[in-house]
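Enquirer: Those protein sequence lines, which keep their order, are chains E and H. The first sequence stops at residue 207 when you use the numbering used here, and every number in between is there. The second sequence stops at residue 252 when you use the numbering used here, and every number in between is there.
Because the hints were derived from the structure by calculation, they are not lab data. Treat the hints loosely; a few may be bogus.
[Stated by the list, open to error] Straight-line C-alpha distance at most 27 Å; calculated BS3-like pairs for lysine-lysine: (1) E:Lys55 x H:Lys94; (2) H:Lys118 x E:Lys55; (3) E:Lys88 x E:Lys71; (4) E:Lys117 x H:Lys118; (5) E:Lys96 x H:Lys118; (6) E:Lys117 x H:Lys188; (7) E:Lys55 x H:Lys115; (8) E:Lys88 x H:Lys118.
[As the list claims (entries may be wrong)] Just a sample of chain E residues kept apart from chain H, beta carbon distances all over 12 Å, derived: (9) Asp63; (10) Lys71; (11) Val106; (12) Ser180.
Even for Gly, the Cβ is constructed at its ideal location relative to N, Cα and C.
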Amino acid sequence: MIAIVDYGVGNIFSLYSSFRHIGADARLSSDPGEIRRADKIVLPGVGAFGDAARKLRNSGLADVVTEEAEKGKPLLGICLGMQLLFEKSFEYGEHKGLGLIPGCVVSMEPVVPEGYKVPHIGWNALHFPKDRPKSPIFRDVREGDFVYFVHTYYGTDCSEAVIATTEYGPELTAAVSAGSVYGLQFHPEKSGETGMKILKAFCDMEG
Amino acid sequence: MITKRIIPCLDVRDGRVVKGVNFEGLQDVSSPVDLGRYYSENGADELVFYDITASAEGRRLFADILREVAATIFIPLTVGGGINTLEDFDRVLKCGADKVSVNSGAIRDPSLIGKAAKLYGNQCVVLSVDVKRVDGRFTVFAKGGRENTGMDALEWIRRGEADGAGEIVVNSIDTDGVKSGFDIEMLKAVEEIVSVPVIASGGAGGIQDFIDLFREIPDIDAGLAASIFHFGEVQIPELKRQLAEAGINVRR
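Extracted from the complex, chain E is given alone in its bound form (with noise of 0.2 Å):
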């Protein structure tokens, strides 16, 4: 059983249905014993970090989710679960993460070209490090492969953890890993197919 963490931030249905939709036992679930005997664990988030962060404190969760992680349970992070496994953030301030996977979280204004537009929305292709074996998150996708993004803030400082990137003027952080903790920047339940073949492969893994 798949435990998608609910604990108040954002529209959950898509990602809910999603996993429906490839055939998983997935639950929305925000009781700590239910999330503790899933095989496997998913953080979703939209919204701003400081915000969420407080939320997924005050419910008791994250010690949850950081435990569970700890002992090598599978975690999916997503869009702003993806940046909340990171250690900090400087989105309105600075907020502490979960530490999960090493670096920060910072605005993409600064390293943005002129005549980008901020937030960056909509599809834009995947590019895997040539460095290092693809993961296996990505297993049934190809190096341009295209996702949904809706994004200002991206996770920096982790180059080690990086497993896939997307051209933004820059190269920006679009997927990260450490273990068996696993994070997406983009939507993979707003990216068709791809996303599918994505959520596909985190849910075939070993946990």
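Take the given structure of chain E and dock chain H to it, following the hints.
Expert: Positioned in the frame of chain E, the structure of chain H alone reads:
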């Protein structure tokens, strides 16, 4: 590099797609779910569902349809039509919409954009504007293009962006239905004053019109159309093939 988006728009009344369509291999062409799936499997980058229902019963049917679409189609969904309050935003977002498009509702209550952006984020709020030239001036029309508001369109769009609209749909009443191309002059004027994505609507009659749009205004983000897609005059995979050939970056 981000791709240019191609967006079909579906008008829905009482839970059914309004315009008659004819597709090979598609049984029920008035089912928003079937038609949405057809488009998403055939290259559409996003779908817009526009609720033109007036009755409460029709609204309820639309909500059911939207939930079904969002559970089966995994590309971005924008919903418009009858969005007048934050409760309307909440209603369609809960059914699985990713973005909400406001038009007359924002004209009636100009504070709506700001309130919605604060609550749901700028990326969620789309300002849709029907524009027509009146005495040589770009003017905002309300109620589906029937009512001249007298407002200057560029002023209105600039204000919408400042209030938090994350995307602007510009529908030219002057070129809508004429099928002789997008309103390049109007779209250029809008593109010059905003920094959020701009979606062109109104006037597409064929593939060349999309090529001209993206060539003449390189900063424009997307082209939206309805009948030319529904009637099969333009097939999206072929449109994208020709756009790519013309050097325009599209998702294929």
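Enquirer: Any of the earlier hints contradicted here, and which numbers?
Expert: none
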